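Residue numbers for the sequence shown follow the numbering used here, beginning at 1143 and rising by one.
What the hints contain is simulated information worked out from the structure, not anything from laboratory work. In this text, all values refer to a predicted model and were calculated from it rather than measured experimentally. Mixed in with the good hints there might be a few duds.
[To be verified] Pair ranges (Cβ atoms, derived):
hint, residue 1, residue 2, range
1, L1169, K1206, 53 to 61 Å
2, S1341, L1176, 47 to 55 Å
3, G1297, K1206, 16 to 24 Å
[Stated by the list, open to error] List time: in silico DSS-like cross-link candidates among lysine-lysine, alpha-carbon distance up to 30 Å:
hint, residue 1, residue 2
4, K1199, K1371
5, K1206, K1379
6, K1379, K1204
Ideal Cβ positions, reconstructed from N, Cα and C, are used throughout, including at glycine.
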Amino acid sequence: MQSATLWGMQNRVFMDSHTRTNSGFTLIEMAIVLVIIGLIAGGVIMGENLISSASSKQVASKLKHYEGAVMQFRSRYGALPGDMRNATEYWGEATSPYNTPIPTTAQANACAAVTSTSELTCNGDNDGQIEVASFQTSGSHAEKFHAWKHLANAGLITGVYTGTSMPGNVNDAEPGLNVPMGPEENSGYAFEYVAAGDSGYFNIAHGNVILFGLNTATGTTIGPVFAPKTLWQMDRKLDDGNPATGMVRTQPATNTCTTTTSPATAEYVRSMEEIRQAGDGCAVVYVLPNTR
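I would like the entire structure built from these sequences, with the hints used as guidance.
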């Protein structure tokens, strides 16, 4: 009787082992595997969120720093960087002769075309706009690039900037060369003057702004770099949480950053499905207050 019982136990062990071999993992083992996969996926998502959060905090800090530098510059020199009419009196002329303070069109264009990593610079037209053109020079994009040079010359920011666009086109920015680099790969900051009706922006007046985003094929630093939720959180912390108003704004991009292109009703996309579809769909448009 005892041997029969022993044989039955051995048989059950054999059958259990055989069943386990044929069926693969047991339910407990499958559950453990699923838990591990979930932990790994959660860790990856958490890591991405932490990186995104750190990046947005660094960008927010830099934007506030650059805003402060612009305000200090205006207080010290009575003009905005890049737009300053007598900059060459402080730091020398990038070209000579240069008919200061109001050059001819040819002289202004010639100055705007000179790449220099020294303090030598060009004058702006002092109209309160850090714009793509200076004076009557439709081909000159000196102000938006010389603005960074002026700030560096004044010791208000770090870096060495060429003061000119890159070869691609007149708006061609290259982070680290003519505009400051950002924390994301191929990202940077750029000055711009945005009037109501300007293409690519909400149809309201912005004035002087600092753009932050990825460098695009057209050379502007306005390529999308943040997920809508990330920029929304930055906007809420620094401003009003609205993508079309206040200091922190973005470009209207339906379903990729904002819910609509209308400044009156636009919001950041925030539902899970919208965020999944959007990805990193937002660039930053930071309005410089009291400089319009």
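- prompt: Honestly, which of those hints from before does the structure not fit?
  reply: none
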